[in-house]
Structures are given as structure tokens and as C-alpha cells.
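Q: We have chain Y; now place chains F, V, U, G and C onto it with these hints.
Protein chains in written order, with the numbering used here: chain Y, 1 to 229; chain F, 1 to 229; chain V, 1 to 229; chain U, 1 to 229; chain G, 1 to 229; chain C, 1 to 229.
If you're looking for bench data, these hints aren't it; they were derived computationally from the structure.
Quick caveat: nothing in here was measured; it's all calculated off a predicted structure.
We treat Cβ as the ideally placed atom computed from N, Cα and C, and that holds for glycine.
Please note that the accuracy of each hint is not assured.
Ranges between beta-carbon positions, derived for each pair [stated by the list, open to error]:
(1) V:Pro51 - C:Val199: 55 to 65 Å
(2) F:Arg217 - C:Pro219: 21 to 31 Å
(3) C:Tyr45 - G:Leu228: 47 to 57 Å
(4) F:Leu228 - V:Ala206: 50 to 60 Å
(5) F:Asn196 - C:Val199: 45 to 55 Å
(6) F:Tyr45 - Y:Val208: 26 to 36 Å
(7) Y:Gly52 - U:Glu202: 52 to 62 Å
(8) Y:Arg222 - U:Arg193: 56 to 66 Å
(9) Y:Gly52 - C:Asn12: 50 to 60 Å
(10) G:Glu197 - Y:Arg193: 30 to 40 Å
(11) U:Ser25 - C:Tyr227: 24 to 34 Å
(12) F:Pro219 - C:Tyr45: 27 to 37 Å
(13) V:Met213 - Y:Ala206: 30 to 40 Å
Protein chains: 6
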Amino acid sequence: MSMNSLGIVKRNIARADKSAVESLSRFGAATVHEAMGRVGLMKPYIRPIYPGGYACGPAVTVLLQPGDNWMLHVAAEQIQPGDVVVAAVTAENTDGFFGDLLATSFLARGARGLVIDGGVRDVKDLTEMQFPVWSKAISAKGTVKATLGSVNIPVVCAGALVNPGDVVIADDDGVVVVPAAVAQQAADAAEARENNEAVKREKLAAGVLGLDMYEMREPLARAGLTYLD
Amino acid sequence: MSMNSLGIVKRNIARADKSAVESLSRFGAATVHEAMGRVGLMKPYIRPIYPGGYACGPAVTVLLQPGDNWMLHVAAEQIQPGDVVVAAVTAENTDGFFGDLLATSFLARGARGLVIDGGVRDVKDLTEMQFPVWSKAISAKGTVKATLGSVNIPVVCAGALVNPGDVVIADDDGVVVVPAAVAQQAADAAEARENNEAVKREKLAAGVLGLDMYEMREPLARAGLTYLD
Amino acid sequence: MSMNSLGIVKRNIARADKSAVESLSRFGAATVHEAMGRVGLMKPYIRPIYPGGYACGPAVTVLLQPGDNWMLHVAAEQIQPGDVVVAAVTAENTDGFFGDLLATSFLARGARGLVIDGGVRDVKDLTEMQFPVWSKAISAKGTVKATLGSVNIPVVCAGALVNPGDVVIADDDGVVVVPAAVAQQAADAAEARENNEAVKREKLAAGVLGLDMYEMREPLARAGLTYLD
Amino acid sequence: MSMNSLGIVKRNIARADKSAVESLSRFGAATVHEAMGRVGLMKPYIRPIYPGGYACGPAVTVLLQPGDNWMLHVAAEQIQPGDVVVAAVTAENTDGFFGDLLATSFLARGARGLVIDGGVRDVKDLTEMQFPVWSKAISAKGTVKATLGSVNIPVVCAGALVNPGDVVIADDDGVVVVPAAVAQQAADAAEARENNEAVKREKLAAGVLGLDMYEMREPLARAGLTYLD
Amino acid sequence: MSMNSLGIVKRNIARADKSAVESLSRFGAATVHEAMGRVGLMKPYIRPIYPGGYACGPAVTVLLQPGDNWMLHVAAEQIQPGDVVVAAVTAENTDGFFGDLLATSFLARGARGLVIDGGVRDVKDLTEMQFPVWSKAISAKGTVKATLGSVNIPVVCAGALVNPGDVVIADDDGVVVVPAAVAQQAADAAEARENNEAVKREKLAAGVLGLDMYEMREPLARAGLTYLD
Amino acid sequence: MSMNSLGIVKRNIARADKSAVESLSRFGAATVHEAMGRVGLMKPYIRPIYPGGYACGPAVTVLLQPGDNWMLHVAAEQIQPGDVVVAAVTAENTDGFFGDLLATSFLARGARGLVIDGGVRDVKDLTEMQFPVWSKAISAKGTVKATLGSVNIPVVCAGALVNPGDVVIADDDGVVVVPAAVAQQAADAAEARENNEAVKREKLAAGVLGLDMYEMREPLARAGLTYLD
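Just chain Y, with the same shape it has in the complex:
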């Protein structure tokens, strides 16, 4: 085992099962996160550059150096149709690592979106292209191409561990990561959860209180909740 994880591109990665990804792509980040038992969520400072975007696909991971987007070009070659690129940075940095040219290239390779723990630019163009991006910042600041990072190694992006091939689900609520090995299991749990929610939604719309629907009155009383007039 080598100590150094920089300067590496892994070409063959084990992407999550296609049908599992397809199943997961029917659900939002919040539902999948709940289905996973509330793990795997990126920090909420990662925000979509425009509302309404959605991406679900296996991760091509990238480790960038601050102020340097060289590895995003290297990553482009590793993208397969349906992939979502996940880019971490070795230090806190808000530069605009990604813009409309790279988006054009990523789209041509079939990428579904980008999640980046740094900044992006050309957000008006990206919005018009409807290429969804989740980022830490928006910044016109360009980057150099001088220092190596890596592609398709495990990365920590916005507080979440992402292994290449893991499924990434991103929407207006945030970004959740599902390990490839449990993708189908997570999809099944999400489906069960969503079916369950439809019934609840109807009851609540009809005026039934959560207090009654979830049978909370007794445990609340036991915990000592006191009603005063």
C-alpha cells in the first residue's frame, strides 16, 4: 500500500448496479437519506446553483488542489454516460474551478451533474444548459493547471465520504451518497418510505394531527409534557 494518494487516476471503477441507480433516481435526497438511516449526507453549505436541478448517478471522484482545476480535465475522460462528478479540494477554497467549457465537455461525455466542494462560474450559461451543479461558492475567479490531484480515489466532499462508483443523489435539499454495495437496498427502503408517506400526506391534509397519526400523545405525556391553559 502506497502512502501517497496524489497523482493517481483509477480507470476501472466498480459503478453501482445500473438498475439500482435507476430505482434510486425516482427519489429525492431527503427520502434516500432517511432510507439510509440518516447517514451519508453532505454538509448543507453545498447548494445548487439554480433551483429544481436533480442528479442521480455513480460518482466519478476528483481530488483538486486549491486554485487548480487540472484534474477536472483528467476526470472528463473517465466519465461514462450517467455519471455524476464529485470534486473535493485539499484545502478550503472558493475559486471558480468549473465553467461552461468544462460543462460542455462533461455533457458530451454524458455526465448528469457536478458536486464540488469549491466554487464554479458561468452560472448563467450552466443554468441555460441545464447542467446541474452543487457547489460551495460561485466565483468568477479562474484557476491554473499546475499541481496534480487524483481521479477516482476515495474523497471526502463537504463532510461525506465518497468512493468512486457510489451513487450520488442531489436535489434542492442537498446531496446524499449511497455506497455502491447497498444501492438496491437503499432504493427499496426509499420506495417503502415513499409509499408510506403518500398515505400519511392524505391523512394530514384531511386534518388528522401527527400527534394522533404517529401515536405521540402517550410518549409525550410519559416524557413529562405539560399542557397549561
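A: Chains F, V, U, G and C in isolation, oriented as in the chain Y frame:
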């Protein structure tokens, strides 16, 4: 007087006078804040989840524990048509305490909106439902139902004191709180202010300078302002 | 040379050449920033209050005191058609220094937009008026008119030095400042860059990789990049 | 009831009972906060300017305007020996409102310390004087004396409601507020808690596990905790 | 493979080799981070609670829920002499999860320190005990014991992946994580680096410029650096 | 005039007059900032790495690229005894650009300190060497030497414009910049101010209120301040 303010639900609260609330509902947060003498504003980190939302109504207050939304279910039962729910948290926390199911329930109870010093999720659904929410964060992270907080006690939300029944006015500029006892007085002051502004707006649009309209030239000179060529 | 830079209004400023401004107004902040050699950018915490706004024009600069917008009224008189107002504050402050009344006045004077290292309010009105503003915060908090600042002195706004008359270009990606003396040079460099980009965009859209188009494979190998299967 | 809470100085305030304050002064902020049932804590961004400081006393409250320390001079006259001054600001601001001159004056009046939701300066002098201050920032930026705030009205400081006369306990862990009416009750609860802790500390030091001392093994198992080898 | 990583305690973990840990314990975080090729560093918001503390040892990892320190008690039992506890939280939270009682227990078990992506309290006591803690915040806010997390699963703490048994090196510069498998290799590289630095330090102290010592003049000129008089 | 300000080293800079620097070196940042009329202050996020440090001297300025400290080595050669190095970064970045080796070199050249809008490391060593540094962050993260910045061009550091040769005064309260041309004038104003303060301090210590000493009672009454019992 008891020391402990946790584990309490106050059922009968003195809501601000209905006609005062109705009067206030014709004004935005900035106007009411000025009319109040520039007090009662929440910190600007509280932002609407979508632009253009508006809420004005008596506050049902909630004190939540971090990572725990139990009390929002308890609060639902206390909502009367026209109320705005204001939720504080006992510690800094960005979890997604509130989503489309609770919004469905709150809407069924007649709530006009939610202000929360924490996170929310399902923001795409909330936007489609046009249920306006002002929050500190957006996060897919779900919460548990394990620890008691309180409902309808005085809370500090985003730096502002909110007593149950106070009027909350929220729009794209932020959230302002009007004590129930001065709601009509604030509405009257806001109206006077707004009438006054219409005239000013016309003059300024016609090219009159604020320097002249507000008679600032003399006090500026007295303060020592120097014009150089 | 006087030590004190407060309490001064400079009336005659050397605005950047009109045709240079016109040339620059065809480009976005990111393109101009690259053309400038990656200098002159404001920090990314300065954000537009609505997406899609654009402003390009000579700067009328303002130095404000925290919680005090007196100098914005003084600045209004110095605006010439096509100008962009750039307001710095002597301390970190998020108050709403600017709203629909001042915007009405600025528009009547021919201003193209406002960049402010503080807060603004009435953002719904400003959006309807399509008066573009780039700010640090949105806040309903009003301000007083009590303490002198200055107009048309050099200011530091969001980390960038702005001399009165410099060209300010602002869009969804951020705000960049071009010294008046190099405005035409920057416009020419931006044009060269943009022409160059059109060709690249086409190639990338056709599936050519940046790795090949930019001839990166050899320098990456030299830097030690290793491909693993 | 007047709507306006600015421009007011309340001279006679109901300070918490002296013996209750004395009792409380034997405990730290964390102990009192626990004893209170985990309410009344200021946000953790309020930090001491030097380690090891401690203050406990009735609050003289101040509401300041951003960039303006006029009201601190007004407050000085209201200080009685043993008081702790608590200063809120009507907007987010980091200016240096307080320095060695005001500290000299506060000390001469018998103040035990200052808690301020803004900035302070002369921190080296304050450290040498051992005048403890808890603040949001340290800044050399001076302030003007131009706009009215208030003294001895209820204020929200760093997220906590403080009524004049309430007991403020501040140390390296933060700042907690005890309503005057429950000061003795809180002191008694803190004492019970501290006695209790001495025994626990001894057991834990002897190697007894919290798991056993608090009898957690059974509830953990019930909650589903699984041990793997 | 189970989807759920909550509610688990792994008892037998593969701690890094003792002699490797001992070797590493002669170096600071910056040296080890460089020796590792600049990977494995926690974000700089994690700060020591007092200056001069140092910890180096195998990680016992903990995953906490916001506002809940139950798992720290569970973790205490898993500590072996020399271990460093690393605690992640499932959401952003600044509560005081850890204080002098837990520190007493951890010390009795032989722990060398704590790294926590949340808050701590009793920092004066911890300083007197010289139990070093690196945390995100200091807060008097206590926590409950209600929801399960896990012990000795892989966690992401302050942006760094930590597997149980990895070596954690923490000092005034920050916290770095060395995978157990490369601990000796990292120690060797750190030693080589440090030997090398002693010679450099001497030369620099004697007035030799880095420009000459590192032979930078030629590459700087090649990169286009221009000297002006 | 060239558009590009990167890749430049200015060798001959006009340092502020020696005797003016010496005069200024008797005063702290707050006093000089007041004497300057409250301009020229860096943002308060720039903090000393240890308490009690002080630096006053002409600025050698540096513009760094994120994650790259090449230019600090270039700057070392330009340092003359008594200088203070001021380093700006072209983007927000917290890397550890500076450590004990560079400090050894800077000390050998006669530098009095460093102000950097980025991170530093080896803070324990720097503290032992008593080489004072004011920085935005502390981080063990090392940097590369790959991209050109500049030395001795005007830079914006933490919101303040610094021209090479300007006097920088830094202490526990922050960092203030005095243009070289007004250095003596600022020193004189600071002296006048400080003499004035000694008298005031004595009066305040004797119990005289600021209200009386500054004759504030009349203007406060005029502004509408109301005393209630």
C-alpha cells in the same frame, strides 16, 4: 414561578387583535420595522426558501432541541387559521426539522407560514405548495422525536424575542416581530409611512435629489462635508 | 496631502473611456477577470439579489459608516448616465442601506446598478424595477443619516480596490474591477479570449477532450500522473 | 404601552437578590446552565477576551446602535457595585465599542465585567486590568456618539433574552442568564448538581465507567445498540 | 453488508503498530502532513482549547447525534491506554458534548486526547487537567443521552476520513490522520523531512536566502518573474 | 501602463520616513486608527497567533496565489531591517503559507513581523521565536511553489489597501495601515490623542462619569433621551 421552561405547552394565548393583523398584512417587513422605530428584526441569516413569499399573522412559538422536531407536531395542534409558526432551537443546528408532511399538516390547520432558526427540507415541494418558510438553512438531514421542548412560551428566534401571539411579518427582506399590544399602533405608523413614501417616490423618479427633498445640504455642510473638483 | 479621507466629495472624476466601457459591456465578469490576468475580483460573498442581472459602467465610489446611508444620497448627485455605484463600509455591517426609494433616484440619474459591501432591502421592488444590486446581505434594517463618509475617493469594496471612474463589470458570477487606464486593453483581451472560446466550445461539444485540445497529456505525465486499472 | 423602546433609560431596576447572586457566584456557566434545565445560554460565538476570567452579577442592559457607543457612557451611571453590563446591538456589527477608558470608568463604578454582542479593543490593557469581557469580536475600530439606544430595557444578546437585574454568569465556557425571580432556585439546583458531581468525579477517576455509574447498559441495549467483535 | 451504520460498537479494532505510533509521536501535525504528501488533514476550524497541547495515538472513533453525547460514554469502555478519541457528529452542532467528568473517565482509561467536530465545555478544568482537546466550538450547552450513534466505525471528522486504529497527530497547527497501514512509512518520511529541515534552518538563520538554497531563481525567471527598479 | 500586475517584483520602494516609523512605534493600532480619522483598518478576522505581539514598520507587500507560497521566498530578499511583510492572496484560502523556516529567514533579514490574509503553521515555534504573525487562519496544510504572484505592488489585505512602504501597526487589537506620506502626521495626531487620554483615564478612575467629562448630558437630552424611574 418555575425555573424550568421546557416541557410546557400553553394552550390559550393572547393573539394580537385580528383587525390590527389585517392592517399590518398590507405592509412589508422593512416598512413595519421602520414604523416600529427599528426594533424587533430577526438577524439577516434567516432567509426565505423561495422569493416572493409573504406571511403575516400571530405567532405560535416553538422551542426545539437540536436534531429533534417532536415539538413541531405538538405545535400543529395549537395552530389557528392565520397563525405563523415561529420555531427557535436551544442550540445552533441546521437539521431539516420541517418538510412537506408537516407543511401539509400546518396548511390543513390554517397556518400562513413558518419561521425557523434551523433547517428545512423538501423545499421543492414547499415551493410548489407555496407554503412560505424562512429558515437558517436547507438540509435533507432528518430529525428524531426524543426530547421535550415547549410550545407557546417566549422564545428568542434569530436574535428577536417572540412572545406567543405577537405579530410576525415576513417577506423577501426578512422577518420582523410586533408585540401584540402595539400591533394597531404599528399598523397605523406603517400606513403613515407608506403614504409618505408614495409622494417621495414620485419626486425622486422625476429627478429631484434626496439631498434637496430631505433638506440635507445644510446639515451635511455643518457636519463638515467638503466638495472638491 | 491630507491624512483624512472622510467628509470629502470629489466632483470631477476621470471616467474610463466610453468606447472602452461599451466594448467591455459585451463580456461577463469571468471573461474580463481572466483577460485581466486574474486580478481585480471582489470576494464571492458579494452576490446578486436576483439572477440574470448585469451591469457595466464607470464607478462612482462611496464610503459609508456602519448603519448610516447618508452618503448614498450625496452620491446620487454625482451619478452620470451609465455609472455603477460602488459602496464600501468602514466596518462589517449588514444593515439595509439601500431600498426602492434610493433605487428610484439612482435610476432617474441613469445609474446601471449598485455594488455594496453591506445590506439592501426592498429586494422584491428592486427585482420588479430590474435595478441590479450586488450585496453582502439582504436586511430590512434601516439606517440613520448622522455621520460623514466620502464620495469618489478610492475605496476597498469586498476585497477589491476601486478608484472612481474604474470600470465595474457585475453579473451572476461576481464583480470585477478594471482600472480606467487599461479598460480598452482589457476589452481587447476579453474579445480575443471569447473568440478563442467559441472554437473550443464547439470542439468540446463534439467530444474532443480538454486533455487533447489543450495538449495536457505530456505535461501531466511529466508531473508524474499515473493511470491504474 | 409605547411602541418605541429606543431613547430610554430605566433608573430603578429590580436586581436579583444579593444572597442569591452570591450563591450563584460559586458556580460556572455550564453548571448553572444545567441547573436551569438547559436554557438561557448565549450563542457560543461570544468568547472571553482572555482565559480564566469570571463574572457573576445582576445585569445592567444596554441597547447600542451599530458603530455607536454613546449608550455605554449613559449606562456607566446606572452601574452599581457588583453589576455586569450586557450590551446588545440593533444590527450585526464588530466595531470596538469598548476600550480601556470605558473599562476604567466601569471599574470605578464597581462593574464586574462586560458582555457585548459586538467588538471591543485595548484588549491588552483590559487583560492587564483583569477586567473580564466576553465579546463577539476584537477590533481596533472606534465608534461615534450620535444615535440613541437604551439602557435597562429587555435586550436579546447573542440569542439570549436578558432583563435588567437578571443574573449573568460568564466564564471560559460561555455566558448564561438567570431570571432574577429564580436566582436562588437556580443556585440551589447548581449546588445540588455540583455536590453530586464530586462523587461522580471520584468514581470515574477510579476507573468506574459512566456506562455502569449511570446504568446505561440496559437502555442502550433496548435502543438497539449492537456490539461486534 | 448492512446499510445501516448506526447503533454499532466495534470492539476489536486493528490499531496502528505501537512502534510506528511511537515514532510518529516525535513529530508535529505539519511535518507529518507534509510527509504524507499533503493529505489527511482536518479542516482548520478544529482548534485546540489551550495552546501547547499535543496528542498522538490510535483513533477510537465515535459518531454522535447532534445534542447527544450518549456514545462518548459507550466509547470510554473501548479506550486502551494511548488512544485518541475522534468524535464526528451527524450534523453541524456546537453543543458542549464533553466536559471534566468525561475527561476524568477518559484519562482513567488512558486516553491521550479528544478530537471532536462539535463543542466542549469545562475548558478551564480541562486545561488544569492538561487533557488536550481539539474542537469546533466551546459551549456550556449540555447534551442529552437519547439517540444511538456508533463507536469504531469509519467517520468523517472535520473533512477527514478516520478509520478506527488510524493514527491521529494533533497539535497547535491542527489535526492530521495517518492510515494505520502506512504509519511507519509516514514516520520514516517525517524523520527524513525533519533531519533535512535542521540543515535548512541553520542556513536560513545565517542569512542564506530560500531563493538560493532551493535554487528558485532559474524556475522563477522561466515562469516570467520580472524585477523592476 | 501594463494591465498585468502578476509576475512583478519592485525592488526600490519608498519606505515611510524612519523617524516617523519610530514615532508611530510607540502607539497601538487602536490609537493610530483613531488618529487617522478611523480609516485604514484591516477586517477583524485577522488575528495574532499569540497574545502580546507587536509590530510597526514599513510594508513589503506580497500577492500570493491560493495554496502557493513561492512569492514569500521572493519577498524575503526584498526585506530590509525593520520591515513588516504584508501578504494578500488572490482568492480566499486558509493554507499554511508560512512556518518556522520562512520565519527564520525573515528574522535573519530583519523583519519585524508578518500580516497574512491566509493561514500559517508551526505556531508553537513562531511563538517561541517571538516572531509575531497576524493571520486569517492556522493550518498545518503546506503549499506548493508553482504560480507567480508579485512583490511590492499595491495589495488589498483583509479589506485594507496597502502600498509598499506604508507603515503597518499591528497588535492584539488588529492591524492598521498608515500611508507613507502621512506617517509623521499620524504619529503626531496619535501622540496628541494619547496625552489627552492619560488625563481622561485619571478622571474616570476617580469616578468622574464620561457623561460629565465629555459633556454629553445636553446633547443626549436634545436627541430625546428619556429617564424613567
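Q: Looking only at beta-carbon atoms, does the pair Asn196 of chain F, Val199 of chain C fall within the given range of 45 to 55 Å?
A: 48 Å, holds
Q: Given the hint of 56 to 66 Å, check if Arg222 of chain Y and Arg193 of chain U actually sit that far apart at their C-beta atoms.
A: 24 Å, violated
Q: Quick one: are Tyr45 of chain F and Val208 of chain Y within 26 to 36 Å, going by C-beta?
A: 35 Å Cβ-Cβ, so the 26 to 36 Å window holds.
Q: Quick one: are Met213 of chain V and Ala206 of chain Y within 30 to 40 Å, going by C-beta?
A: Since Met213 of chain V and Ala206 of chain Y have Cβ atoms about 59 Å apart, the given range 30 to 40 Å is violated.
Q: Does the Cβ distance between Pro219 of chain F and Tyr45 of chain C fall inside 27 to 37 Å?
A: 35 Å, holds
Q: Does the Cβ pair Tyr45 of chain C, Leu228 of chain G satisfy 47 to 57 Å?
A: 32 Å, violated
Q: Check the following: the C-beta atoms of Ser25 of chain U and Tyr227 of chain C are separated by a distance inside 24 to 34 Å.
A: 30 Å, holds
Q: So the hint says 30 to 40 Å: do the beta-carbon atoms of Glu197 of chain G and Arg193 of chain Y match that?
A: This hint is violated: roughly 55 Å between Cβ atoms.
Q: Taking the beta carbons of Gly52 of chain Y and Glu202 of chain U, is their distance inside 52 to 62 Å?
A: At roughly 60 Å between Cβ atoms, Glu202 of chain U and Gly52 of chain Y fall inside 52 to 62 Å, so the hint holds.
Q: Is 55 to 65 Å a correct range for the gap between the Cβ atoms of Pro51 of chain V and Val199 of chain C?
A: Given about 57 Å between the Cβ atoms, the range holds.
Q: Against the range 21 to 31 Å, how does the distance between the Cβ atoms of Arg217 of chain F and Pro219 of chain C compare: consistent or not?
A: 22 Å, holds
Q: Can the suggested window of 50 to 60 Å be confirmed for the beta-carbon pair Gly52 of chain Y and Asn12 of chain C?
A: 57 Å, holds
Violated hints, listed in ascending order, are 3, 8, 10, 13; each of the other numbered hints is respected by the structure.
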